[in-house]
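What follows is each chain in one-letter form.
Protein chains: 4
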Amino acid sequence: MFVTETAIRIHYALTDQMGVVYYGHYAQFYEIGRTEAIRQIGYTYKEIEAMGIIMPVVSINSKFLRPAKYDDMITVRTTLKTLPDHHEISFFSEIFNEAGKLLNTGEVVLYFVDAQTMRRRHIPEQLREKLAPFFEG
Amino acid sequence: MFVTETAIRIHYALTDQMGVVYYGHYAQFYEIGRTEAIRQIGYTYKEIEAMGIIMPVVSINSKFLRPAKYDDMITVRTTLKTLPDHHEISFFSEIFNEAGKLLNTGEVVLYFVDAQTMRRRHIPEQLREKLAPFFEG
Amino acid sequence: MFVTETAIRIHYALTDQMGVVYYGHYAQFYEIGRTEAIRQIGYTYKEIEAMGIIMPVVSINSKFLRPAKYDDMITVRTTLKTLPDHHEISFFSEIFNEAGKLLNTGEVVLYFVDAQTMRRRHIPEQLREKLAPFFEG
Amino acid sequence: MFVTETAIRIHYALTDQMGVVYYGHYAQFYEIGRTEAIRQIGYTYKEIEAMGIIMPVVSINSKFLRPAKYDDMITVRTTLKTLPDHHEISFFSEIFNEAGKLLNTGEVVLYFVDAQTMRRRHIPEQLREKLAPFFEG
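Residue numbers (this note's numbering), protein chains in the order written: chain A, 1 to 137; chain B, 1 to 137; chain C, 1 to 137; chain D, 1 to 137.
I should point out that these hints are in silico values taken from the structure, not numbers from a laboratory. You may find that some hints are simply not true.
Since the list can't tell identical chains apart, any single copy or any two copies may satisfy a pair.
[As the list claims (entries may be wrong)] Simulated crosslink set (EDC-like; lysine to aspartate or glutamate; CA at most 20 Å straight-line):
1. K69 x E49
2. K63 x E5
3. K46 x D71
4. K81 x E94
5. K69 x D114
6. K81 x D114
7. K69 x E36
8. K69 x E47
9. K46 x E98
10. K81 x E49
11. K63 x E47
12. K81 x E98
13. K101 x E129
14. K63 x E107
15. K69 x E125
16. K63 x E49
17. K63 x E136
18. K69 x D85
19. K81 x E47
20. K130 x E98
21. K101 x D114
Treat the numbers as computed from the prediction; the structure is a model and nothing was measured.
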């Protein structure tokens, strides 16, 4: 299992007139979480794109338990539960407030796609090698 | 069953550097779809809020089949499959491009909540009455 | 002078916890206004990009007079005060609510840039020809 | 003069299909910059709102010199050039990339407004006292 945590400060643009974070913005938090997860294993999503691979999202499942609010410093815990071994990768996000309360969960599935042919392809071998140690033993 | 359709033009702000609509923006399309659905039965979400009722989202399930692109005129088809009879309402959205291709599906569940007490409450009776004829027979 | 008007319904995502439209979203309204202005002369911004020309924004000046609110149907009046004759084009936007009150003004200056060389270039001749009749006499 | 700096990582949601940050998102960077500036003097904008004061934006002037790009770690330098002594406060933002190149400048003017009466009011005395030492001598 591979787990990382990223902190995000809620700025005004993310709130709506209910006085909480607009539900559509959680997808950005998941994105920031998985980007920092990739960075933590010594890679960047930018480098993946530079290799001619894009990673479109194919599905999201979100649950909204408690609202995030203006100026909250939320924590996005991003978990890779299984080591990807083909064209699919699934990130599981849990979002907590400063009091440690769980606000939101989101599962985001992405494909590895060849940017030229727009066809699915396997996870890049280098990325898989960096992730493998977290799933051993 | 209650079905409405709303057209949305994709402007530049909604695209990302993959050259398609950013995955996080579909939640806005679902929102616009359900708002226009409510308007079509002779109501507005604004009036619901003025009655002291808010409708927080409790879950989303989205599938991304094909990307929406810049300047596409997409159609959001919003369906209420069952008449709500307690605190929950579920909108099912399908997004099509101009060629009639299905791009995305989303199911959004919301609760009716009393804005004062922040407790769940039944769907407002007036709203239920307006919807009932679509589910008869 | 070339003037067009476009209507935009304010959805929830555009509001913030002050209960009004977030100030950063007006730039989108200006964008929608100028895109529809270009469409009205029988062109699309998409076609301009397909010709290998991009139009980055180089400056904005905005004044916020009154707030736009949730569910308002605002009108963006977009004016081209002078016919562009080199690499620069300047759109002037005025945003009104349904009561005809002026909410916001914005002046956005863009350059015509060759997407290959990233150098400024003249306005495309076809576009200039379509605009010219509005500035005659 | 009062100067603070804040770093922001550009995530995917902020890019557009030109491959750069959408021009409308810079207003968010200015907002984050001035919020962190206020925090640095031992205050929060959230506390100002809790005192019954809101700070609507009344104007923006932005210049776009170079584009910010995906995954850039930009720095927002926020400067208060004069100590506010009535209802108006003006923040000047400069945005730099990691190479120290100036990408964007923005001047944002806000008013102090009583949230109850919606009338302009003076800067809160406590806030002015915290700022005063930076403008002495």
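Going through the hints against the structure:
no.: 1; hint: K69 x E49; in the structure: between (33 Å within a copy, 13 Å between copies)
no.: 2; hint: K63 x E5; in the structure: within (19 Å within a copy, 26 Å between copies)
no.: 3; hint: K46 x D71; in the structure: between (29 Å within a copy, 7 Å between copies)
no.: 4; hint: K81 x E94; in the structure: within (13 Å within a copy, 30 Å between copies)
no.: 5; hint: K69 x D114; in the structure: between (39 Å within a copy, 19 Å between copies)
no.: 6; hint: K81 x D114; in the structure: neither (24 Å within a copy, 38 Å between copies)
no.: 7; hint: K69 x E36; in the structure: between (22 Å within a copy, 17 Å between copies)
no.: 8; hint: K69 x E47; in the structure: between (33 Å within a copy, 14 Å between copies)
no.: 9; hint: K46 x E98; in the structure: between (30 Å within a copy, 16 Å between copies)
no.: 10; hint: K81 x E49; in the structure: neither (23 Å within a copy, 41 Å between copies)
no.: 11; hint: K63 x E47; in the structure: neither (31 Å within a copy, 26 Å between copies)
no.: 12; hint: K81 x E98; in the structure: neither (24 Å within a copy, 34 Å between copies)
no.: 13; hint: K101 x E129; in the structure: neither (34 Å within a copy, 36 Å between copies)
no.: 14; hint: K63 x E107; in the structure: both (9 Å within a copy, 12 Å between copies)
no.: 15; hint: K69 x E125; in the structure: neither (40 Å within a copy, 27 Å between copies)
no.: 16; hint: K63 x E49; in the structure: neither (30 Å within a copy, 23 Å between copies)
no.: 17; hint: K63 x E136; in the structure: neither (30 Å within a copy, 32 Å between copies)
no.: 18; hint: K69 x D85; in the structure: neither (38 Å within a copy, 30 Å between copies)
no.: 19; hint: K81 x E47; in the structure: neither (23 Å within a copy, 40 Å between copies)
no.: 20; hint: K130 x E98; in the structure: neither (31 Å within a copy, 27 Å between copies)
no.: 21; hint: K101 x D114; in the structure: neither (39 Å within a copy, 22 Å between copies)
In summary, the numbered hints that this structure violates are 6, 10, 11, 12, 13, 15, 16, 17, 18, 19, 20 and 21.
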